[in-house]
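Number of protein chains: 2
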Amino acid sequence: MARKKEYIEEEVIEKAMNLFWRNGYETTSVRMLEKEMGINQFSMYSSFGNKQGVFLESVKCYKKKAKEALVDKLKQSTNGVEAIKEYFYNFIEFSKDTKTNKGCLLTNTVNELGEHADTVIMSEIIKFATDIKSHIIKKLETDKQKDSETIAKQANYLMVSLQGLSVASKMFEKQQLEDFIESAFESL
Amino acid sequence: MARKKEYIEEEVIEKAMNLFWRNGYETTSVRMLEKEMGINQFSMYSSFGNKQGVFLESVKCYKKKAKEALVDKLKQSTNGVEAIKEYFYNFIEFSKDTKTNKGCLLTNTVNELGEHADTVIMSEIIKFATDIKSHIIKKLETDKQKDSETIAKQANYLMVSLQGLSVASKMFEKQQLEDFIESAFESL
DNA sequence: TATAAAACTAAGCAATTGCTTAGTAATAAT
DNA sequence: ATTATTACTAAGCAATTGCTTAGTTTTATA
Numbered sequence: 009m010a011r012k013k014e015y016i017e018e019e020v021i022e023k024a025m026n027l028f029w030r031n032g033y034e035t036t037s038v039r040m041l042e043k044e045m046g047i048n049q050f051s052m053y054s055s056f057g058n059k060q061g062v063f064l065e066s067v068k069c070y071k072k073k074a075k076e077a078l079v080d081k082l083k084q085s086t087n088g089v090e091a092i093k094e095y096f097y098n099f100i101e102f103s104k105d106t107k108t109n110k111g112c113l114l115t116n117t118v119n120e121l122g123e124h125a126d127t128v129i130m131s132e133i134i135k136f137a138t139d140i141k142s143h144i145i146k147k148l149e150t151d152k153q154k155d156s157e158t159i160a161k162q163a164n165y166l167m168v169s170l171q172g173l174s175v176a177s178k179m180f181e182k183q184q185l186e187d188f189i190e191s192a193f194e195s196l
Numbered sequence: 009m010a011r012k013k014e015y016i017e018e019e020v021i022e023k024a025m026n027l028f029w030r031n032g033y034e035t036t037s038v039r040m041l042e043k044e045m046g047i048n049q050f051s052m053y054s055s056f057g058n059k060q061g062v063f064l065e066s067v068k069c070y071k072k073k074a075k076e077a078l079v080d081k082l083k084q085s086t087n088g089v090e091a092i093k094e095y096f097y098n099f100i101e102f103s104k105d106t107k108t109n110k111g112c113l114l115t116n117t118v119n120e121l122g123e124h125a126d127t128v129i130m131s132e133i134i135k136f137a138t139d140i141k142s143h144i145i146k147k148l149e150t151d152k153q154k155d156s157e158t159i160a161k162q163a164n165y166l167m168v169s170l171q172g173l174s175v176a177s178k179m180f181e182k183q184q185l186e187d188f189i190e191s192a193f194e195s196l
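Residue numbers (the working numbering), protein chains in the order written: chain B, 9 to 196; chain S, 9 to 196.
It is worth saying that the hints were derived from the structure and are not from the lab. Note that the coordinates shown come from a computational prediction; the quantities given were computed from them, not determined experimentally. C-beta: ideal position from N, C-alpha, C; glycine also. Honestly, I wouldn't trust all of these hints.
[What the hints assert, rightly or not] Computed spacing ranges between beta-carbons, pair by pair:
1) Gly88/S to Tyr53/B: 58 to 68 Å
2) Glu18/S to Asp139/B: 27 to 37 Å
3) Glu42/B to Phe50/S: 31 to 41 Å
4) Thr138/B to Lys12/S: 31 to 41 Å
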């Protein structure tokens, strides 16, 4: 009874996600999204409501990709702390761009929008961060000599370090990033 | 022969700097600057050329403030590595806002504008980062047991950590930030 | 006191923003 | 084939962006 959509929502959202990842939320205009996603503004708004809606779906798409490329590997590994270090190295690869790195889309978002960010989007971000932290804690607990207090402290430390790596990867050279990772894990 | 300016450029720039610090470059509109600086757009443009000009002066103002509150203290201290740790703690105080922290204006800028940033502004930022790093190296060299290679590595590590602290301070609680600093200096 | 130079006010500029809407084309059930 | 439903195109909306300009006010000098 009705006409068919000429695009697959999951496919165009992945393109939108990459645009947001490269440029940030504000800098990415609806016109840019139109071009990159290859669909008209009408279609965008009928599928996702508004720009925030497109971004929310992009965030979900990013989470899925990051889960596959990073979190699942961390989850499956039995290497304890070494697995977390692997996560750090994998992240650099994951966020690689043509020249410099793009950082983590979620970190970029919090950093750009801060308090102004939509609460739905923020809760998505927090859920992901909490998930990563719990996996980090599990790997730290592999070492039976550590008490829960040092584990909590080290988990906090690693979460902040991860944020640092995300931002620093956008402006530092590979050598500095590797120096960072190696030094960061020296005392663990 | 001519009318006097009704404002002091240094004073209004400090206000502009605080606005940019809180909101970032793009989110800060010329209208917002007008209100915050308490001067008309005409005056803004005649004093600083354009929005980028206002921002460039704001960056210089930030550098001056950060130098006084952070770098000079680091420079003067004779506590070696402990002085660098002090720098980290001082930074948290320096970037404090009403509720969360504002991070470092320079880090925020690179993170927001990335490659799109004006080259003049970028060179100001790089100069400042290089300056901090050289002071960090000096403090590390206090420990005569460290060879130049480990010093270089540790300096890289600390610079990335500082970026991390800047971003993380915008979203983490004080306890996590202190956990980070303490853990970060454990192996040094 | 008259004058020229600079600084003010405020209205307005084109371009861009996110979003909407009027009109047309395609589709599956009747 | 007709019809109801949805998706498309593309033009256009008000609001905001960075910036300019026309006209007025202030000021130190001649």
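Output the numbers, in ascending order, of every earlier hint that fails for this structure.
2 and 4
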